[in-house]
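Peer 1: Given next are the chains, with one letter for each unit.
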Amino acid sequence: MTDPLFSIITPVYRTPLAYLKKMVRSVVTQGWPSWELILIDDQSDDPALTKYMTTLSRKEPRVTVISRSVNGGISEASNDGIAVAKGTYIALLDHDDLLAPGALRVIAKVLKARPEIDYLYTDEEKVDDSGRTYDVFRKPDWSPERLRGQMYTGHLSVLRTSLVREVGGFNAEFDGSQDHDLVLRVVERAEVIHHLPKVLYRWRSHAASTASAASAKPYTWDAGVRAVNAHLERTGSAATAVHGPVPGTYSIERPLDPDITISIVIPTRGSSGDVFGESRVFVVEAVRSVIANSTHERLEFVVVYDTVTPPAVLETLRELLGDRLVLTEYDRPFNFSEKCNVGFLASSGDYVVMMNDDVQAISPAPIEHLVAPLADPSVGMTGAYLFFEDGTLQHAGHRYADRGYMHGYMLSARRGDPGPFSALLIDREVSGVTAAFAALRRSVFAEVGGFNQALPSNFNDVDLSLKVLSRGYRIVWLSGVQLYHFESKTRESKVHTWELETVRKRWGVQRRDPYIYHPRT
Amino acid sequence: MSTGAPLDNEDETTQLIAWVPAETDGVAELTVRVKALQAYALAARDREVGMRGELATARAWIKKIETVEPGRAFRRIDKLEEQRENLLHRLRLGSFGEEAEDEIAQLKASATWRIGRALVAPVAFVKTRVLRR
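Here the protein sequences come in this chain order: A and B.
1 is the number of the first residue of the first sequence in this note's numbering; add one for each residue after it.
1001 is the number of the first residue of the second sequence in this note's numbering; add one for each residue after it.
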C-alpha cells in the first residue's frame, strides 16, 4: 500500500487564536508528509482568525480553508470539509486540541500493514492551558457494548473516507454527540475496526470545553441518548437507550421475552454462616433474594445438593419454590464443574443462569437483566457486578493479563464508584466473568461442553469464558446486575499451580487483556 | 493431569457406550442412561473445544519462537525511531523543556544506548588519534 493520505477535518468557530495556532503546529510538525488539513470557518466573524487562516493556507499548500457564509454548526461545517477531502482516511481533530507528536506516522504504519481497517481509534489524554497532560484514557479494544454505553472511542478517530460518505457524514440532528452518532453509523458497516493502544491525541481542557466535564454541555447527553436509540433502531434491536448514571453514559434497557424459560442452576451443600451480623443458610437466602427481585414467571431452580445437605434446607427450598424446584443429589467428591454440568443436564430452560449459593441479589430484576442481552446471538455469556459483604468490589469482569487470570481488579472501588472513565457504570465486553452469577444460552453452554471437569475448584469459569470467546461470541459484563457475593464465607480460596497450567495449556499465557488496561506493577 | 474426564479413561468410555443396550427395562432406567450419554457428549464437546484451543496455542507459540528475535529487534528499532521523532518534533516547537531532557537522560541510560556507545567508543578513539596525527 502507498502512503495513506489523511484528510484532517477541523471545524473552526471563534477559536482562541493561540489554541488554533498550537493545533495547526501539532499537525505541520508531524514528521509525516502525507496529510491535508481542512479548516472550515463556520462564520467565526473574527478578523484575526480569518487573517491567520488565509495567511496559513498561502504558506502551506496542504492547508485548505473553507469559509462558510452562514453559521451551520459543527456537523454542517464538518460535512463541508468531508465533501472536499482527498484523503483515503479522514481524521477528526477539534480546533483547540493537539495531535501527539508523530501520531500520523504511527497510524500510517498500522494502516499500511492492514489496509483493510475501516475505522481506527487511539488512546487519548487531556491537556490543560499550562501544557500539563493528565487523565490518560487507555481504551479497550473494539467494544461495541461499551460504545452503546459511552462514546469511548472519541479521539483520535480515523475513518475511511468512502465509508463516511456512504453513511452520509455527520447528522446535525445529533449536534453535541455528532461524533458518537457518526461512529455508530460507521461501525454498523465497517468490516475491520482497530484500536491502536497509543496516546496520540491531546484533548484540551478549558472552562468551555467538553473535556473539562461531561456536564459542561448537558445537551450533548440528550443528543447521545437519541444517537444510541437511532443506532438500536437501525440494527433492529428491541432495546432502548436512556440516560446513564452520570453524564455521557447511557444505559441500555432490553426487553425479555416472557415466554422463555430460565433455569437457575445452584450447586450447594446447604452451608450456614454469619452475614451482616446474622446467621443464615446461604442457599435459602440466595433463592429468596432472587424471588423477591424477579418478576419473570418461567423460572426453574435446579439445586444440585451434596448428600450431606441438611434435609431441613431442602424442605425450606421446597416450600419456597414449589414445582419450580428441581432437586438433584450429588454424591461424589467436591467438583464445582461437575455439579454445574449435572445441574445443566437436569435443567430444561432456554437460558441457563449459573448461580453460587452464597450470593444475594441487591438490584431489581437481576435474572431478567442478566439474561436479556443473550437474545443477541453474538452475545454468548453475561456476568454481573458483585460486591463483598463490606460493599467493596468483588467482581467487575475478569482480566487476563500479565501471565495470569485476575478475578479482581479495581478492588478498592465501592458500590456506586464510577471507576476509570465510568468503566463500572456501563455495560461492556470483558474477557470473562465469574460463574458465581453468569448466564448463557442453553445452546452455547452445550456447544462449548459446559464446565471443564478437570478443573474442580479454580479457573473453571476462566476456562468456560475462554471457550465461549473461542467460539466467536462476546461476553458482556452488566453494571446494573448487582449482588453480594459472600465467597470467603463458604470456601477457602487456594489456587494450585496445576490448575493454572491446565488453563494455560489450552489458552496460552495471557499477557495483555484487550478490554481492561492495567499498568504492570 | 486429566483434561477431560471421563474421556481420558478409555475403559470408562467403552463402558459408557456399552452401557446402552438395544432394549431397556423401563423409562426410568432409560432416562438415567440418556443423562449419562448427555454428560458424555458434554465432556466430549469440552474436550474438543479445549483441544482446538491447545492447537491454536501451540501454533501461536511456534509462530512466536520463529519470529521472536527479529521481532524484538524491529520493535526496539520502532520505539527508538518514535522517540527520535518526538524529540525532533519538540525541537521544532522550541519547547525543549525538562520533560524532554528527562527523556534524553532515559534514552542515554538505556541498555541499547550504552551498548551502542560501547561499540562506537573504540572506533571514535582510534579516529581521534588518527586525525590528531
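One or more of the hints may lead you astray.
As the list claims (entries may be wrong) - Below, in silico cross-link-like pairs of lysine-lysine (BS3-like), each with a Cα-Cα straight-line distance of 30 Å or less:
no., chain 1, residue 1, chain 2, residue 2
1, B, LYS1108, A, LYS109
2, A, LYS198, B, LYS1063
3, A, LYS109, B, LYS1035
4, A, LYS505, B, LYS1108
5, A, LYS198, B, LYS1108
6, A, LYS126, B, LYS1108
7, A, LYS109, A, LYS51
What the hints contain is simulated information worked out from the structure, not anything from laboratory work.
Peer 1: For every hint, state whether the structure bears it out.
Peer 2: Results of checking the hints against the structure:
no., hint, verdict
1, LYS1108/B x LYS109/A, "26 Å, holds"
2, LYS198/A x LYS1063/B, "25 Å, holds"
3, LYS109/A x LYS1035/B, "55 Å, violated"
4, LYS505/A x LYS1108/B, "40 Å, violated"
5, LYS198/A x LYS1108/B, "23 Å, holds"
6, LYS126/A x LYS1108/B, "29 Å, holds"
7, LYS109/A x LYS51/A, "35 Å, violated"
Checked against the numbered hints listed earlier, the structure breaks hints 3, 4, 7; every other hint is satisfied.
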